[in-house]
Each structure stands twice: as structure tokens, then as C-alpha cells.
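Q: Chains F and V are the protein sequences, given in the same order.
Final position of the first sequence in my numbering is 1681; the numbers increase by one with none missing.
Final position of the second sequence in my numbering is 1681; the numbers increase by one with none missing.
Since the hints were made in silico from the structure, they are not lab data.
A couple of the hints might just be wrong.
To be verified - With a cut-off of at most 35 Å between alpha-carbon atoms, the simulated DSBU-like pairs for lysine-lysine come out as follows:
(1) K1531/V / K1524/F
(2) K1424/V / K1618/F
(3) K1673/F / K1424/V
(4) K1370/V / K1679/F
(5) K1531/V / K1370/F
(6) K1618/F / K1370/V
(7) K1586/F / K1370/V
(8) K1592/F / K1524/V
(9) K1527/F / K1527/V
Unchecked claim - Not the full set, but computed from the structure, chain V residues with beta-carbon under 10 Å of chain F:
(10) K1370
(11) A1577
(12) I1625
(13) F1670
Where a beta carbon is used, it is the ideal one built from N, C-alpha and C, also for glycine.
Protein chains: 2
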Amino acid sequence: MSQLRCDPITGRWIIADITSPKRPGEFELMPQKKKGGACPFCAGSEKMTPPEISAIRKPGTKPDTPGWSVRTVPNKFPALDTQGSVENRAIGIYDMSSGIGAHEVIIETPAHDKDLADLTPKEIENVISEYRARSLVLEKDDRFRYLLIFKNHGAAAGASLEHSHTQIVALPIVPKRVKEELKGAVTYFGYRERCVFCDMVAQELQDKLRVIFENRHFVAFCPFVPRFAFETWIVPKKHNQDFKSIDDKTVKSMAAILKDTLARIKKVLKDPAYNFIIHTAPIRDGINEEFHWHLEIMPKLTSVAGFEWGSGFYINPTSPEFAAKCLRQGKGE
Amino acid sequence: MSQLRCDPITGRWIIADITSPKRPGEFELMPQKKKGGACPFCAGSEKMTPPEISAIRKPGTKPDTPGWSVRTVPNKFPALDTQGSVENRAIGIYDMSSGIGAHEVIIETPAHDKDLADLTPKEIENVISEYRARSLVLEKDDRFRYLLIFKNHGAAAGASLEHSHTQIVALPIVPKRVKEELKGAVTYFGYRERCVFCDMVAQELQDKLRVIFENRHFVAFCPFVPRFAFETWIVPKKHNQDFKSIDDKTVKSMAAILKDTLARIKKVLKDPAYNFIIHTAPIRDGINEEFHWHLEIMPKLTSVAGFEWGSGFYINPTSPEFAAKCLRQGKGE
């Protein structure tokens, strides 16, 4: 069973396993590719996962059998429990909450040897449609306040299974990073009466120094203040705070730019580990019209060390101008 | 040359290398122990480092020769330049500053095969005295506003050289994490008229559930809201915002508890990679009497993945109550 705990100094939350803690000796920092044994995410291994929640599959095929192209299942080792109500309490100066939430896995392809960058634009479109579909269902649960969609690719980025997948976590509170971004966007809007992300897109498209690629709906660029070498953002050109409200044309356009960007990163950096995260507005927290949803890709090329942990400052050995140049020149395909 | 850049959304700062960016193919995520070749931090290799800034050494021995027990040198690959003045400017919506600061390395022992946990209490006392001595010198430079003292132990924690050392970085701005902690402490003080860290120490000593060890001046405990499994804090019992103002008795007491704690971590977790960071008040930023300096140790047993990067939420597979129990039982020596 897990418990949510809030730090009384910084307001940071954690999820701690209080009933079956991991013991010394059970940690494996860089879990390796599973030797032997079937992969639970492959076509034909459907019985190895918890029963599927939803899937995009061929007409006439049954749940938990082959025939799917994208498949969503509950995480077998969820960080949060779906059952129960959100209960807040305190012990002395410490606040905590029951570890309620949803933790789902979106398997992006039945093929074990393909990652997201290898899929066709149409297949990636299906993956993004599934992100949107699950978001639209999960937002109806009034215990949840935030939906976090993220992908870990490669052991160094925290992926414990190699088969390409994305995770979606529904949280009963709005996380700190999201609050910070919202607050920043609101503050900027307050004194300029413009969206900071819209201004950023305009400046990047004018400067061109950090732009990698653009299409009708999106621009991919290395942000001016990247925490990580070759960090890349994909930002919609049209202001919209809410990822799950995008229409089919936008999904198609997003699939195209995501494929292009991931293929460039894969080629130029030789298939690095990376995380990507969809930053979107909270689901039950007012209007948030100052926010602007986007996707951030963070290749894991360097270690995060004491300096970063102590300061929240990041040392980046590669300027975003140089990173963008490399990624512009190195087309994926 | 490096440049400081500030994120217009969150206020996060980074240091980017803008003149000699690291290229694709030059990254090595987990640098391995150097095969062959002399270690620049060993006794006898003094000429391999930039000239020493200060050292604790036998009377009669000369700088940059053997005879030292603790030795401070400039970082050969500094994140910031010591020369120049702090200049702030903007390009469009982006703010930046010249990359001015100091970046020093405190070599903790002349012996290559010893780490901090292996040193005698007296040797650790010398190391802590050197942290204090360098802080007292660096604070006089009025370009600097924060001194960050941190240690990376092991490749997974970002250490690029194996020989035991600590780093000290003098920054021209107060970093985000420090501001957050200060703000939290001020807010707490504002409505309770007490220090949040003093309250935490009192509650931990009363509960005893998360305490590992205490001595006259300090208590070591696993915090109620740990980001990482087996995260451990060493907090002085007496309220004081400023690490560098501690007296010799406190240095001695700190050496004793630091040795005890690191030895327990080394034994119980089988010499894991870890970072530690001294959290102290800014040097040129008002009084900050609500703050309470302390040291945070973060073993690196798990990867930080997309969930953490996206939310600022941490999933900790081990409760601090269980971690403290393991560390209490497993004495280092």
C-alpha cells in the first residue's frame, strides 16, 4: 500500500510504499534487458498483463487476445491504488493522503523490436489517440486532479521493460512542477497580457537558431534554457491549455512531428535513453487558460549529480543552439 | 565559456557551455574507473591539478607537494569562470547572466583507496574544517550570493573521478531549490512562530521511528518525505541558518555523526553511489534567520524517470521508517 506525503518545507509530494518496502539488496539501478522469458507486452502474451482496459484492435478480435495495434492495461505494479477514497490527515507537522490514483500502461505496438520512432505516422497517430481517449475517461473520475502522461525509453531513463510503452498516472493532487509552470504562466500573463509559451514560439520561429522542425500545427525546438543536453520541446502553435481537447487533425500533425523528432534524436545520438512528458493543465482546478500544453523530451546523456540536486540549477554541457543545429542536420530517415 | 540562463516560465536557472559544446558521441553516462594512468588527486600527483588554493598539511611542506591531509584546488573543468564581472542582459523574453563563479575541489584524503566513510573522525573533522575555511574566504567576494557544498560518490551519482572529493561552487545568484526552502521556512515561521526544522527535529526525537543516531549537537534521521530510498538528513539540534558559522566543537560532533551515518549506509547498502549536499542560507541576501542549515544524503539506488521529471513527485519504494530501522540495526563498524 502506498501513501502520499507532503514535505512541510517545500510542499513537495512523494509516494512511499509503506507496507512492502524494498529492502537493501533488492535495488537494481540499471535493470538490464530481461534474459529469456516472454515479454508481457508482446502480441500473444496478453494473459501476462492484468486484463486490458482499452485497445485499438482489428474488428472482431477479442480483448486480451492478439489483433491490437495499441493496448492499455493497468500497471502490474501500480504506484497508486485505484480503489478507495482520498483521505487527508496529519501526524504532528506532517501531512499525508491515501495513495489513490490510476496507473496505466499504453503499449504502443505489438512488435517487441520497434520503438516509437520506428512506427509509421499512422501507428503513432493511434498511440496519441489512445493517450487522448484514456485522458477523456480518467478525467471523469472526480477523485483525480491531474493526469500525467510520460514515457521512459531505455534503462538509464528508468524503463524497466524494453518493449515500447507509455504510462499514464492519474493523481489526486496537482504536482509541484505543474503548479510552478502554471504559476509562471499566470505571472507572465499578468504583466504582459500574453501567453509565455506563445511568445516563446514566436521568438523561436523568428530567431530560427533553436528550431529543429515545424509543421502546420507544431514547432519542435531546443529550449533556450534546457536542463539536459539535446532537450527538445514540441509546442503547438495555437494556444490551448489542454492536451486532451486536441482534434484529429492536430493528432495527425503531432504524430508527424513526434516521429520526425524522435527519429532525429535516435539517429544523431545513437538511440539514447530519454523521457518525454506531456505538460498539460490540471483537470479539476479552474480554467488555467494562461497555460499552453506541450511535450518535453529529455535525452539522458549525463548524470544528475549533487550540484543539480542541491540547487535546482542544471549544468548543460551542450548549448541548445548547437544541439538544434545537430538535430536539424541529422534527419532521422 | 559558460552562460547562466533563466527559464521565463519557472525561474529555473541553467549553466550552458556556449563556446565548446559537448558533441553527440562525446557523452558517457556512467564513466568508469580510469584504467591505468595516475590519479590527479593522489599524493605525489599534485602537479596534475591546477595550483592548490589551500591545504591542511604538515608543517614545513610546500604547496603542490605531498604532506597534505586535505587539499583544495580549482576544478580543472569549472562550470563557471572566476574572472569577470556579473553582467545581466536579455534577448527578447529570455534573461541571462555571465557565467561567473568559483568551482573548487576539496580532496578529502591523499589515499586513493579510502572514501569519506573510511577516514578517522579526526580526518573528517579536517575535511569539514576545510569546507568552513573555504566558505569563509569565498563569502568575501561580493559577486557571489550562494555557496553550494556537495559531494558525488560513485559513477551513478555523477562522480567522474573515483578519488574521494567534495566540490564547492560559488554562485552569483541564489538557486531555485534554496529559495524554495527559504520560502517554506519563512512561511512556516510566519504562522507558527517556530522554525520548521526545529519542529521536525523535536518530532523525530519524540517519535524515534525515523531516527538513526544522535549525538550532542546533531540528529541523523530518514525524513518523513524522502525523495529517494534510504535518504538521510543530518540536522543540527541548535537553530542556526549558517553552516560556516559553526564552532570547532560542532565541527567535531558533525564529523562523528557523518562518519557514523556514511559507514552505516556503506555497510547496509553495500557502498552505494550517493550525493550529499549542505543546505545553508545565502551569503548576501538579508538575515534568513528562519532557515536552519543541514546536510542531506541521497543514495542513488533507483533511476529518476519521467514521472519524477514531469511532476516533481517522487516514487519511493522504501518507507523512511523501514530505511531508518535498517540503518539503525546495521552499524557501520
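Q: Would you mind marking each hint as holding or not holding in the structure?
A: Now the hints, each set against the structure:
no.	hint	verdict
1	K1531/V / K1524/F	holds, 15 Å
2	K1424/V / K1618/F	holds, 29 Å
3	K1673/F / K1424/V	holds, 28 Å
4	K1370/V / K1679/F	holds, 20 Å
5	K1531/V / K1370/F	holds, 33 Å
6	K1618/F / K1370/V	holds, 15 Å
7	K1586/F / K1370/V	holds, 34 Å
8	K1592/F / K1524/V	holds, 31 Å
9	K1527/F / K1527/V	holds, 16 Å
10	K1370	holds, 4 Å
11	A1577	holds, 6 Å
12	I1625	holds, 4 Å
13	F1670	holds, 4 Å
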